[in-house]
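As they're listed, the protein sequences go chains P and C. Everything in the first sequence is counted per the working numbering, starting at 2 for the first residue and increasing by one. Everything in the second sequence is counted per the working numbering, starting at 97 for the first residue and increasing by one.
These aren't lab readings, by the way, just hints derived from the structure by calculation. Take these hints with a grain of salt, some might be off.
Computed list of lysine-lysine pairs in DSSO-like fashion (alpha-carbon distance at most 27 angstroms, straight line) [said to hold, decoys possible]:
1) P:Lys-100 with C:Lys-188
2) C:Lys-188 with P:Lys-136
3) C:Lys-206 with C:Lys-188
4) P:Lys-100 with C:Lys-468
5) C:Lys-578 with P:Lys-106
6) P:Lys-106 with P:Lys-93
7) P:Lys-72 with P:Lys-100
8) P:Lys-93 with C:Lys-188
9) C:Lys-578 with C:Lys-468
Here are some chain P residues the structure puts well away from chain C; computed CB gaps all over 12 angstroms [said to hold, decoys possible]:
10) Pro-49
11) Lys-72
12) Pro-88
13) Leu-89
14) Asp-124
15) Asp-164
Owing to the predicted nature of the structure, the values given are computational and were not obtained by experimental measurement. Every residue gets a Cβ at the ideal spot worked out from N, C-alpha and C, and that includes glycine.
Below, each chain spelled out in residue letters.
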Amino acid sequence: MSNPRIVRPYGDTTGDGMVQVSFTLPVAHDKRAEGAAAQLASKMGLDPVMVVHAKQMGTTHTFFVVYGSAKHLVNLDEVQVVERDYPLLTGKEVNDAVKENLGRKLVVVGACIGTDAHTVGIDAICNIKGFAGEKGLEYYRELRVVNLGAQVPVPDLVNRAVDEGADAVLVSQVVTQRDAHLHNTREMSAAFREAFGPQDRPLLIVGGPRFDEMMAGELGVDRIFSRGTTPGDVASYLVHALASDVKEPVG
Amino acid sequence: MDGELVARARRLAVRAGQPVVDLARSRTTVSVERATLRLAGLSGADPDGIPWVNRLVDAVRGDVGIGHGVALPVFHALAEDGHSDLLALAQKAASGAVRFEIPEGAAAVKARELASAGVGEGLAAVDARRVERDGMVAEIGDPPQRPWIYLIVATGDIYEDIPQAQAAARAGADVIAVIRSTGQSLLDYVPEGATREGFAGTYATGENFRLMRAALDETSRELGRYIRLTNYASGLCMPEIAALAGLNRLDMMLNDSMYGILFRDINPIRTFVDQRFSRQIHSRAGIIINTGEDNYLTTADAVEAAHTVTVSQLLNEFFAHEAGLPDELLGLGHAFEINPEVPDSFRLELAHALLARELFPDAPLKWMPPTKHMTGDVFRGYLLDGFFNLVGAMTGQGILLVGMMTEAVVTPWLSDRDLALQNVRYVMNACGGLTEDFHPPADGFIATRARTVLGEAIELLERICDDGLLEAIGVGTFGIMKRPADGGRGLDGVEEHQDGYFNPATEIMEGRA
Numbered sequence: 002m003s004n005p006r007i008v009r010p011y012g013d014t015t016g017d018g019m020v021q022v023s024f025t026l027p028v029a030h031d032k033r034a035e036g037a038a039a040q041l042a043s044k045m046g047l048d049p050v051m052v053v054h055a056k057q058m059g060t061t062h063t064f065f066v067v068y069g070s071a072k073h074l075v076n077l078d079e080v081q082v083v084e085r086d087y088p089l090l091t092g093k094e095v096n097d098a099v100k101e102n103l104g105r106k107l108v109v110v111g112a113c114i115g116t117d118a119h120t121v122g123i124d125a126i127c128n129i130k131g132f133a134g135e136k137g138l139e140y141y142r143e144l145r146v147v148n149l150g151a152q153v154p155v156p157d158l159v160n161r162a163v164d165e166g167a168d169a170v171l172v173s174q175v176v177t178q179r180d181a182h183l184h185n186t187r188e189m190s191a192a193f194r195e196a197f198g199p200q201d202r203p204l205l206i207v208g209g210p211r212f213d214e215m216m217a218g219e220l221g222v223d224r225i226f227s228r229g230t231t232p233g234d235v236a237s238y239l240v241h242a243l244a245s246d247v248k249e250p251v252g
Numbered sequence: 097m098d099g100e101l102v103a104r105a106r107r108l109a110v111r112a113g114q115p116v117v118d119l120a121r122s123r124t125t126v127s128v129e130r131a132t133l134r135l136a137g138l139s140g141a142d143p144d145g146i147p148w149v150n151r152l153v154d155a156v157r158g159d160v161g162i163g164h165g166v167a168l169p170v171f172h173a174l175a176e177d178g179h180s181d182l183l184a185l186a187q188k189a190a191s192g193a194v195r196f197e198i199p200e201g202a203a204a205v206k207a208r209e210l211a212s213a214g215v216g217e218g219l220a221a222v223d224a225r226r227v228e229r230d231g232m233v234a235e236i237g238d239p240p241q242r243p244w245i246y247l248i249v250a251t252g253d254i255y256e257d258i259p260q261a262q263a264a265a266r267a268g269a270d271v272i273a274v275i276r277s278t279g280q281s282l283l284d285y286v287p288e289g290a291t292r293e294g295f296a297g298t299y300a301t302g303e304n305f306r307l308m309r310a311a312l313d314e315t316s317r318e319l320g321r322y323i324r325l326t327n328y329a330s331g332l333c334m335p336e337i338a339a340l341a342g343l344n345r346l347d348m349m350l351n352d353s354m355y356g357i358l359f360r361d362i363n364p365i366r367t368f369v370d371q372r373f374s375r376q377i378h379s380r381a382g383i384i385i386n387t388g389e390d391n392y393l394t395t396a397d398a399v400e401a402a403h404t405v406t407v408s409q410l411l412n413e414f415f416a417h418e419a420g421l422p423d424e425l426l427g428l429g430h431a432f433e434i435n436p437e438v439p440d441s442f443r444l445e446l447a448h449a450l451l452a453r454e455l456f457p458d459a460p461l462k463w464m465p466p467t468k469h470m471t472g473d474v475f476r477g478y479l480l481d482g483f484f485n486l487v488g489a490m491t492g493q494g495i496l497l498v499g500m501m502t503e504a505v506v507t508p509w510l511s512d513r514d515l516a517l518q519n520v521r522y523v524m525n526a527c528g529g530l531t532e533d534f535h536p537p538a539d540g541f542i543a544t545r546a547r548t549v550l551g552e553a554i555e556l557l558e559r560i561c562d563d564g565l566l567e568a569i570g571v572g573t574f575g576i577m578k579r580p581a582d583g584g585r586g587l588d589g590v591e592e593h594q595d596g597y598f599n600p601a602t603e604i605m606e607g608r609a
């Protein structure tokens, strides 16, 4: 028999639909609170519902654990996912690929440009401290990371990219007042196009919580990363664009 | 533990650290000088939000540098031109209307006296805060148990942090840490006033300190135990934040000797100079420092690099003692970060934790929960946190940072904190006294492992003594980060002392005035 295409959650019997959820409601614990938890679970599509645990926290909140059978079905053929167009690599795979395919350290120059003093994004990606449990790019032995920090003028960034022999330039933009992030990004990409020939221009990457990942072409950069991007995403992309065994043209 | 071996490790740490102390004693930084002005009572910021201490130090620096210390030129100008106070002088200096000079003869004597009196008032305020804390602890009481339970809050908005901190205390926290906004460590000024916007944390400001301390005083009285408040004296403004902490009765400060160098790429020399001054203030203020050895284990392998934690603890201890901090103010850090897939990982954790306990019997060690091997499987994470708590109970740790099963998933939810505290309470209630019974045999796995790590630490210290600590940091000995002595941020804010360097705060804190 082929694998089922229509699926439900599995507790201990095929088709039982059993799920377990936990949540907090902003109410003190009493019978009404348990009733409210059951009703919420029921609205989430669980039937029947078992409120198996309720514990008041402080004076105004109650934590619940609820079991129940989910009514919903999922047709695997109708599941749509946005596939990453490059493989997510481990730190070791990134280092190995750079070593093997580039034969030297891959140089990344990072900065916040314009008046943006919010280095939170660039630091989360670059600094060894990292983000979301992942170490930053500095942690990768085969990457050489130069993080210029906040409020770097575009001409300085271009000069530094030349001096360091940057393979990639990473720019973070958090401030979006009057579309500052878009103006700054266009200014930056134009400056790089002016300073470098099309063959030796470093890879241009911008990131920030308010960017639309589809706008790369319009802004003149190679890649845009949005909210939730981790250092591993960026490192994997760097390998894909600059140090994969199948060399792709950039820009 | 072989007493002779332990004594040898300490002697080596002194030898390795002394050249760095000498270097720190013969230099000052813009932040040390700004902290001195803060102690002398200068606060506030210009309309652009640049603190007046920055404006005044920059103005002095432009005229005469900071190699003589800013106290002499500043208080000389104050006396000469008849300004009413430092604020008026800073405002005038910011507009370029004051010309600073190094006074000589009688003028120098007068400037010294004025500066010592001004800074002396600030240090007297720090002393008063300390007396106040001692009084409150005597009156209200300490937490009934050790370790103290340490919980983090951080919303970015101090007015949101306050009710969260109070709720955390009511739920069982003994120590509240307010995490700073990401990137504050790289700001070369301390923001002013109450702040309501931050990134993954709340800015450390004097006013935020005052507001939170006042709120926790209320909660301490309500709960019948003194709730301690923690923040971060780290980054480019370490000395100033230490001063603000002392003036606002914070109780603990993260203050590692190498964290900023390794993890924030702050210049090593800047860091060591700033660190010495900030630790002198912490000592004066009775603030427990927390060191950051846990961080090495998040980057390097926790088994292979176990001895680097020991080495760093010994160095932190030496630097702290040198700056006047007694053992009871040394919250030396270590962490439960061994990969749980490693065979005997729990026994190794026990060995490492016990080694720290035995090396530093009088220090309130800070025991840090797993982060690196928290995967998003919250159920497994909850078990791991339970084992972490168990090590804490068995080895008598002083301060226990509560591990969250949702580490690396979300910032802790209300229910995450509640579950995490239940985990701690269960372990402490079930076997809080286990430290009495836990004496691993001298020929067993745990004691052998502890001896091995101590042996490796001694070898590394010997290498550091030969090569120099700055060199060791430069080649990536700690946390595998390579940080050369002439690299990193903030070196341009360091100056060597000129003949006659004068800092009234240092004079008073070192008992020379």
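Structure-based check of each hint:
{"no.": "1", "hint": "P:Lys-100 with C:Lys-188", "in the structure": "violated (58 angstroms)"}
{"no.": "2", "hint": "C:Lys-188 with P:Lys-136", "in the structure": "violated (46 angstroms)"}
{"no.": "3", "hint": "C:Lys-206 with C:Lys-188", "in the structure": "holds (21 angstroms)"}
{"no.": "4", "hint": "P:Lys-100 with C:Lys-468", "in the structure": "holds (26 angstroms)"}
{"no.": "5", "hint": "C:Lys-578 with P:Lys-106", "in the structure": "holds (15 angstroms)"}
{"no.": "6", "hint": "P:Lys-106 with P:Lys-93", "in the structure": "holds (14 angstroms)"}
{"no.": "7", "hint": "P:Lys-72 with P:Lys-100", "in the structure": "violated (51 angstroms)"}
{"no.": "8", "hint": "P:Lys-93 with C:Lys-188", "in the structure": "violated (57 angstroms)"}
{"no.": "9", "hint": "C:Lys-578 with C:Lys-468", "in the structure": "holds (21 angstroms)"}
{"no.": "10", "hint": "Pro-49", "in the structure": "holds (24 angstroms)"}
{"no.": "11", "hint": "Lys-72", "in the structure": "holds (25 angstroms)"}
{"no.": "12", "hint": "Pro-88", "in the structure": "holds (20 angstroms)"}
{"no.": "13", "hint": "Leu-89", "in the structure": "holds (15 angstroms)"}
{"no.": "14", "hint": "Asp-124", "in the structure": "violated (6 angstroms)"}
{"no.": "15", "hint": "Asp-164", "in the structure": "holds (15 angstroms)"}
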